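Visitor: Chain by chain, the residues:
Number of protein chains: 6
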Amino acid sequence: MTVDSLRPPAESGSPAPFYRAVGKEVETFRAAARRGSPVLLKGPTGCGKTRFVEAMAHEFGRELITVAGHEDMTSADLVGRFLLKGGETVWADGPLTRAVREGAICYLDEIVEARQDTTVVIHPLADHRRELPIDRLGITLSAAPGFQLVVSYNPGYQSILKSLKESTRQRFVAITLGFPTADVETDVVAREAGIDESTARSLVALGAAIRGLDGSALNEVASTRILILAGGLVAEGLGLRDAVQSAVVEVLSDDPDVIRALGELADAVLPRP
Amino acid sequence: MTVDSLRPPAESGSPAPFYRAVGKEVETFRAAARRGSPVLLKGPTGCGKTRFVEAMAHEFGRELITVAGHEDMTSADLVGRFLLKGGETVWADGPLTRAVREGAICYLDEIVEARQDTTVVIHPLADHRRELPIDRLGITLSAAPGFQLVVSYNPGYQSILKSLKESTRQRFVAITLGFPTADVETDVVAREAGIDESTARSLVALGAAIRGLDGSALNEVASTRILILAGGLVAEGLGLRDAVQSAVVEVLSDDPDVIRALGELADAVLPRP
Amino acid sequence: MTVDSLRPPAESGSPAPFYRAVGKEVETFRAAARRGSPVLLKGPTGCGKTRFVEAMAHEFGRELITVAGHEDMTSADLVGRFLLKGGETVWADGPLTRAVREGAICYLDEIVEARQDTTVVIHPLADHRRELPIDRLGITLSAAPGFQLVVSYNPGYQSILKSLKESTRQRFVAITLGFPTADVETDVVAREAGIDESTARSLVALGAAIRGLDGSALNEVASTRILILAGGLVAEGLGLRDAVQSAVVEVLSDDPDVIRALGELADAVLPRP
Amino acid sequence: MTVDSLRPPAESGSPAPFYRAVGKEVETFRAAARRGSPVLLKGPTGCGKTRFVEAMAHEFGRELITVAGHEDMTSADLVGRFLLKGGETVWADGPLTRAVREGAICYLDEIVEARQDTTVVIHPLADHRRELPIDRLGITLSAAPGFQLVVSYNPGYQSILKSLKESTRQRFVAITLGFPTADVETDVVAREAGIDESTARSLVALGAAIRGLDGSALNEVASTRILILAGGLVAEGLGLRDAVQSAVVEVLSDDPDVIRALGELADAVLPRP
Amino acid sequence: MTVDSLRPPAESGSPAPFYRAVGKEVETFRAAARRGSPVLLKGPTGCGKTRFVEAMAHEFGRELITVAGHEDMTSADLVGRFLLKGGETVWADGPLTRAVREGAICYLDEIVEARQDTTVVIHPLADHRRELPIDRLGITLSAAPGFQLVVSYNPGYQSILKSLKESTRQRFVAITLGFPTADVETDVVAREAGIDESTARSLVALGAAIRGLDGSALNEVASTRILILAGGLVAEGLGLRDAVQSAVVEVLSDDPDVIRALGELADAVLPRP
Amino acid sequence: MTVDSLRPPAESGSPAPFYRAVGKEVETFRAAARRGSPVLLKGPTGCGKTRFVEAMAHEFGRELITVAGHEDMTSADLVGRFLLKGGETVWADGPLTRAVREGAICYLDEIVEARQDTTVVIHPLADHRRELPIDRLGITLSAAPGFQLVVSYNPGYQSILKSLKESTRQRFVAITLGFPTADVETDVVAREAGIDESTARSLVALGAAIRGLDGSALNEVASTRILILAGGLVAEGLGLRDAVQSAVVEVLSDDPDVIRALGELADAVLPRP
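Sequence order for the protein chains is A, B, C, D, E and F.
Under the working numbering, read the first sequence as residues 1 to 273, first letter to last.
Under the working numbering, read the second sequence as residues 1 to 273, first letter to last.
Under the working numbering, read the third sequence as residues 1 to 273, first letter to last.
Under the working numbering, read the fourth sequence as residues 1 to 273, first letter to last.
Under the working numbering, read the fifth sequence as residues 1 to 273, first letter to last.
Under the working numbering, read the sixth sequence as residues 1 to 273, first letter to last.
Chain A extracted, bound-state conformation:
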């Protein structure tokens, strides 16, 4: 497995967001970005999808416009709507329309949660047409150069009732992100939480042990994110075991039996204070 670090940004003075590559996600994203192909990011909660998109946007020097999908989101939330100003209705661009006009990367986070009209509205943007018809205005916008669609998706979540339509999926290049190797994850946790490498390694070991459990009792495994949250509590002076109890054990389950079992696992994996 190759581990790339990102190239320094060519055109911007701001520091590159911290991202450590896990597989071939960087090369694949670069190829898709050069072609303008839309990208579908697949991966579990808290594995770094948002960070990865921030890093790629920085590398390409493009603005990043992020929209969090939810089940009440409609196409108007993406495209725009009329507002009443001074007795006139004036049009207000939605985030997708702004990205289309400005050539930005539009990142639709967990788009599958949204109502279907939000996925259909991206169809003509996601094929050879690269167009956004805005029916309410009676116009069709051509996407500016640099515009790219990125959508995220958590396969562990999706039910049969809520999955991307095939006619939507087959317009995307899919990139699967997973959790990093132990060394990379230790590096990330120590840096993000502001703790020493040894403590970070303990947290990563606990994360790996939880990920190795038969998953049936947990809805989802321990993410890098919750290891960083636990590390942060330690950095503020809380004991490691207490931090793990609040940021890992109690977060992963409400079931007293599961909480007890996770606690015993933490006792076994973490160093004695």
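FYI, nobody ran anything at the bench for these hints, they're computed from the structure.
Computed from a predicted structure; not experimentally measured.
Hints are supplied without guarantee of correctness; some may be wrong.
Covered, in the sense of this in silico footprint (three residues per stretch, anywhere, with C-beta under 8 Å from a C-beta of chain A), are these stretches of chain B [said to hold, decoys possible]:
#: 1; segment: 40 to 54
#: 2; segment: 90 to 100
#: 3; segment: 134 to 148
#: 4; segment: 167 to 178
#: 5; segment: 222 to 230
Where a beta carbon is used, it is the ideal one built from N, C-alpha and C, also for glycine.
Knowing the structure of chain A, use the given hints to seat chains B, C, D, E and F on it.
Guide: Just chains B, C, D, E and F now, kept in the frame of chain A:
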């Protein structure tokens, strides 16, 4: 099976869209178009329905107005609505109304997804009346010469709950599109992706192998569209096997077992680098 | 079975719509119309319900106002609503209200699809009161002489969840329309499609053969309408078998087995070219 | 069983509506009306509930305001709403509020179909308070003398999901209406349809025969209303058997077997022409 | 069981509402009222919950603001909303907000029928905070002294789907009301209906007999309210048995068998005329 | 188990809210607050979650903005909306937006009841971004220093249909609150209700006995809150057993058998008067 290429456009200077006919779809569409009969395009995702309509509109020198159906679409999205301007409500034609006034082809993509009032509104347009009643305006428009309805439909998708009403279906001439022959598909993939014929042939061979699988594990087979997407990544320098992984394998399934099986199929079908 | 042709219109110079009576529908409609009794037209898709109402309206010299029912239709779509004009709300009559004021025939096509408030709103119009209360205006209109309600209904369609309420049904005189005899249907298809009698007879023979099938595989039988559509493609130069494939076989089903069986039936029934 | 005829109206010059009492409905209504108690009319479709209320309103010299309940009716449809006029919102009384102000009889037809807020809104009007709180205006109206609530209800219809709440029912005096005796019904049919007594008696005999059938095949029995409709077609010159076919047989069912059985019953009961 | 009568109102000249206490409801309400604790009234339909609250409000000299809950009620119906006046949106207090400002008793009748947002909105009013946050105005009101919440609830009604949330219930002091003793109920019926004690005693005996039935056939038992309604018809001259038929028997059921059984029970319990 | 009392507030003159710590909730909250990490409070109804947040806000000298979640709450209720003022639409911040601007603690009570868009809207606030995108304004706010999200959650309540999404949960530090020890709870009840320690101890003993029951018959155990409510009735002069009946027994169940059993438990546990 006859393979037609399209006649050059009679009246327009713009280049004809690239379309390679697969069966008798071109003759049938021409007969229906001359008569003004509505057309129902049936076929799987990514087989070229949109391209076909673009090519036919070019041949007949008619404007093409495309509307993507979705489950929240209402008849007002097709017909139009009142907007508030300067304290007055002013009427704004919807895309269907514009097509009726201008004699354009109105292409309703996946109309079956829309709410039923959107299909009922086309009934008087789709029989001998060729009329669009606009209740909100209290008027009835007669369709201009050249107006034609085209709707698309993916039979593999439709559930019992969501299918076209019989009283709607029996107003249309149905044209079924499938995937092209290997030679035609190789030609299309090479041209669209910008890759050499040999690589395109490998991708088409993989597509055929996937289409030959017992389909129970896949929601839908590999479309020409995803073969073009994979080819595009190759054209940007990604390795063929990596491109196939992102644009074909990971797109077709989220199931780890299916992904592994598709990967092995790709290893077997694609040439060693 | 008596076959009436319509009497020439008494007061209008426009040609009478082409309609060939099948049973006693004409006498019954005349009696109901003279009395002002509402009429419920029952019959399958494409058997000519709309044509029949057009012909009767022409005979009685009354305006015909048609409204297509759909599941999102509300009583406001029938009765009217307030619109904002120049800072004032102004009332806009709906099609039912216009018919009540003008003494027209109001034809509610597939009214059972509409929401229940649309059927309740016609109750006082459909009994001895002949009144339309418009709650939003606080007024009650008496129907002008000549006003008549006609609603259509496809019994083959209706589920238990969607059927006319008994308190609605028992206000109507029911007229059942079926498909015409072979001679009449041949006459209709030849005239409407613009083809010779022999080809029309072949299409009618195919329609009869399909109607004679055990219906379990088809949602609905072949209507006169699709025979006319097939004939129209022939009139434009398409071969008879190809026209039947597009306008009949592919329209009646999406199931490959049913499509093959219908195709074999067409091969057997139609003359060899 | 006592049969009352209504007393002549005390104060009005308009003719009393034609109503023939069937049981004790008149005395009971009078007692409830004198006390101002709300009345719940129970009975099948077309048995004369509306006529009965019209007659009672006439007898007491009170205005009758009728509202037809439906499943989309809200309390605002009864109580009133704000409309925009000249840039101001102005309040428009609903029919219930008008009845409360004017001391009229408010007849809510099939109120059980309405949404529950419409039944709750009548609670304070239907007990010792006789008040209508209008939350939108922040006021509470006391009902004018003479105000009385009458609601109708068809017990044969109601499902468990849609029935009156007990806390609503127990505020009403219930009056059950049924079909009249043969002599009374013959009188009603002859008078309303404008036919001779002998034909009316035949129709009534058919109605009685249908009401005597094991009801499992019919949603509801033949009402007096459809006998009058059939008689009306006869008065316009249609044959008795044809009139019965359209106004009775085809109205009562869509099931071919039931239609045939009803037709045979009609052949047996009606006199040969 | 102690039977209190209410103390004369301290500060008001209007007569105290007639209420006869059944258990300890009066002492308990007084203790809760002095403390400002919210009260949950439990009891069957028509047992006098509204009367009881009226009497307590009178005793404490507080205004009583009553709101009837229904399933379409939203928090805006309680708290208030913006209305458009003269081109401005102006805020209109809802009944709960008025009670909070004025220190009134706010009686939410059958609040469990309302949408959940209406119960959540009362949470900060129903604990130590005694606050009403009005998000639309961006303010939080402190309840004026004397403000008290009273909600009613019919345990016999509630399904699992519709019950008060535990986090709501545990903010209330619960007072259960039942039917009064025979003597008290006779007194109430005679006084309210305006009939002699002997007739009232007969009605109360019938009510007790019905309440003693195995309840499975009835949705709810006979309330004091319907006994009063029956008495009222007698006071207007209707026979006792006929009054019972309309106000009790036909109200309690639509089932012919149950109606017959209740009628036989009435024949047995009531005195012969 | 350590029992902390809160440190006196550093910067404010108002008295600290009364809160007695039960476990490590105070240290954990302090660590999370210093870091700005969002906190998820888990615990049963009435155990003191609101009090705890009030105490922590006081300690840190931050404003506390509380929002009660309910199932009709939308993201606009949190973020803000446009209102019409003087013919202009003006933006009104919602409570979350105010907290973000002012650096307050935003406490979302029972957020899981809200619609999913309300939880998604907090995602960018609950990770390293600390941003609130307001799509309607086209802006993104950075949270002011001191801003902290706190959400509460009752694990005993949640169904599979209504639980926090994993991608939401894993952004929070979870703190579980339970009921305090008997000594602490006695102290709390005596102080809050204004009763002597002996009576408070009796109520706490009853609460413990109820919590020790096999829970299947109760939806939730007796909270500290209802013990305080019972104590309050005693402080107003009601007998202890009567106060327990209204504030504990009748509140915990509507089932006559359960009410009787709880009453017998109260008879056994409480001292004889």
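Visitor: Each hint: holds or not?
Guide: Outcome of the hint check:
1. 40 to 54: As far as the segment 40 to 54 of chain B goes, the hint holds, because 3 residues have Cβ atoms under 8 Å from chain A.
2. 90 to 100: It holds: at least three residues are needed, and the segment 90 to 100 of chain B offers 5 whose Cβ sits within less than 8 Å of chain A.
3. 134 to 148: violated (count 0)
4. 167 to 178: Since 0 is below three, the answer is violated.
5. 222 to 230: With 4 residues closer than 8 Å to chain A, the segment 222 to 230 of chain B meets the three-residue bar; holds.
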